[in-house]
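Protein chains: 2
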Amino acid sequence: MKKIRIGIVGYGNVGKGAEKVVHATPDMELAGVFSRRNPAEVILADSRVPVYAIQDAEHKREAIDVMLLCGGSATDLADQCPYFASMFNVVCSFDTHAKIPEYLESVNAAAKRNCAIISSGWDPGLFSMMRLMSESILPDGITYTFWGRGVSQGHSDALRRIDGVQNAVQYTIPIDKAVASVRSGQRPSFETREKHLRECFVVAELGTDRAVIEKKIKTMPNYFADYDTTVSFISEEELLAEHSKMPHGGMVIHSGKTGAHEHVVEFSLNLESNPEFTASVMVACARACYRFYGKGDFGAKTVFDIPLAYLSPKDYATLVKELL
Amino acid sequence: MKKIRIGIVGYGNVGKGAEKVVHATPDMELAGVFSRRNPAEVILADSRVPVYAIQDAEHKREAIDVMLLCGGSATDLADQCPYFASMFNVVCSFDTHAKIPEYLESVNAAAKRNCAIISSGWDPGLFSMMRLMSESILPDGITYTFWGRGVSQGHSDALRRIDGVQNAVQYTIPIDKAVASVRSGQRPSFETREKHLRECFVVAELGTDRAVIEKKIKTMPNYFADYDTTVSFISEEELLAEHSKMPHGGMVIHSGKTGAHEHVVEFSLNLESNPEFTASVMVACARACYRFYGKGDFGAKTVFDIPLAYLSPKDYATLVKELL
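Protein chains in written order, with numbering that gives the first Met the number 0: chain A, 0 to 323; chain B, 0 to 323.
Honestly, I wouldn't trust all of these hints.
Same chains, same names: a pair is fine if it fits in one copy or spans any two.
[What the hints assert, rightly or not] Listed below are the simulated DSSO-like cross-link pairs for lysine-lysine, each with C-alpha atoms no more than 27 angstroms apart in a straight line: (1) K194 - K294; (2) K111 - K320; (3) K1 - K176; (4) K2 - K98; (5) K98 - K313; (6) K2 - K256; (7) K98 - K15; (8) K256 - K214.
It is worth saying that the hints were derived from the structure and are not from the lab.
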């Protein structure tokens with residue numbers, strides 16, 4: 000069978016994860032990586048795969064079946080996704096929740112002859128699917144989402160912008176008591192600080208006042224002020240040795256009723272590598288994207304549109320026999 | 000907006016659950032219940048809903064949009080589902096895993112002008128969706144399914160067929176140690192008795208030898224011999240007071256890798272009423288069934304075919320805004 004030819008745009012953490020995942024996927028092959036950097040300076044794990052300048056992508060339309068857009072939501076995707084969707088089938092993991100509706104619209108306008116699956120990944124993505132599925136089945140209920148234990152890039156960046164901070168990593172941690180009360184079916188209401196803790200590991204520059212840094216962190220609006228936050232000062236060596244992985248995960252818990260009976264539906268992820276798992280979801284969605292395209296079903300889509308069979312390389316009869 | 004008119008075939012535990020769920024669902028109305036019993040003897044929770052003899056269903060084609068088939072897999076559905084699918088859109092929860100492929104084929108042959116969603120419910124159903132989703136995203140992995148703690152009707156029936164047993168309830172219980180080892184990412188192999196316990200509550204007839212009953216249970220092939228089984232003799236009063244609910248649930252846990260990184264994807268259900276939750280899934284699938292029908296997408300389908308948006312009464316823009 001002909002393999003699905005995958006392109007990767009952006010060779011950061013998710014792009015590197017995507018490279019690894021595509022190589023391990025028998026029904027796909029990696030046809031190229033597209034970067035804004037000088038291609039000669041982009042060293043892939045597998046040197047047989049060509050690296051192209053991002054502006055050369057338009058000449059590679061015949062060589063790529065689905066393009067995985069691995070850039071960031073904050074700066075790259077709002078422009079990149081419509082641009083690429085006008086030429087390629089694309090999958091992205093745009094995760095700025097508040098801006099998804101307008102993003103969907105702009106990608107849809109561009110994807111006239113292609114399929115674009117946006118906001119795949121795990122939240123948005125798998126967690127969104129669980130929220131939709133649970134509330135559709137048990138409408139008399141409430142859905143709770145918890146994140147962590149995991150590294151938040153946004154919060155880690157916020158720490159690193161503080162004067163006197165040399166390096167830092169922030170973990171988001173769900174509070175056990177809150178999770179337990181949701182699981183018990185009590186349908187609690189929470190203040191922000193009752194759901195998650197924020198744990199910061201900070202390397203301070205020599206000669207800085209740690210108490211000042213700690214106070215700046217704990218009072219930082221939006222990021223930390225509304226949470227119980229712990230700050231531990233450690234050495235650069237310890238930070239690199241103990242905190243350079245990118246674990247993440249979380250839970251979607253729906254507690255709902257039918258008459259007098261309580262039911263709890265729970266989905267959880269425990270991920271050692273957030274970017275590699277995100278890439279894994281994008282790769283499965285690339286298969287779905289190519290199926291939609293093959294059926295002439297163009298335009299922007301989300302995980303809410305995907306028949307799950309489209310995610311699998313197995314034929315339908317095998318899925319029914321083995322997994323139903 | 001016009002409501003989806005639902006019919007229920009079979010007024011047992013699931014049928015009663017479906018009645019309750021449909022009444023609580025604003026975009027649906029219950030148009031009739033069809034029974035093999037004398038309709039005059041079938042007393043519904045809401046007496047304004049008409050009860051019909053099952054053979055009169057063929058005259059009600061214009062009055063029903065989707066028929067929920069709430070009969071049993073062992074005896075009813077193999078004949079009922081193709082019969083009804085030739086006249087109506089139908090949703091069933093056929094759960095004899097080994098026979099699903101031929102069942103799908105026979106229903107598909109009958110559903111020429113209608114849509115039939117088979118094997119909805121939670122296993123097969125939601126658990127099947129999780130198995131497919133997880134292995135598609137992390138193909139280098141293993142999926143484990145655990146059931147319980149919950150009442151198994153089949154095993155309870157097997158107990159009641161033993162001479163000297165007046166009444167009995169059997170609980171299937173996942174073994175904590177097995178669950179923990181799966182969650183740890185070890186990808187263990189299990190003997191049957193290492194995954195689940197079987198806990199039996201038995202009411203013995205007066206004058207019977209309890210030791211004989213206990214031995215018969217523990218050595219019963221297929222049902223109990225391969226498990227660690229506990230047998231407790233209790234009074235009929237205690238059985239009715241403590242064990243007449245129908246809780247169930249379970250877990251689908253997928254443990255998989257990307258390179259050196261381990262990930263665990265887990266879905267769990269904790270249900271106070273198995274039949275009411277099963278009915279809730281069927282009702283959400285009825286909405287999907289009616290959507291397929293509206294698009295002229297006929298034939299037999301499974302949960303693997305359903306775009307999740309079809310399960311919800313909300314419009315697509317709202318889903319994207321609120322849940323993605």
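Evaluation of the provided hints:
1. K194 - K294: neither (44 angstroms within a copy, 43 angstroms between copies)
2. K111 - K320: between (36 angstroms within a copy, 23 angstroms between copies)
3. K1 - K176: Classified as neither; 51 angstroms inside a copy, 44 angstroms across copies.
4. K2 - K98: neither (34 angstroms within a copy, 33 angstroms between copies)
5. K98 - K313: between (35 angstroms within a copy, 20 angstroms between copies)
6. K2 - K256: between (46 angstroms within a copy, 22 angstroms between copies)
7. K98 - K15: within (26 angstroms within a copy, 43 angstroms between copies)
8. K256 - K214: Neither. Shortest intra-copy (44 angstroms) and inter-copy (40 angstroms) distances fail the 27 angstroms Cα cut-off.
Of the hints listed earlier, those the structure fails to meet are numbers 1, 3, 4 and 8, in rising order.
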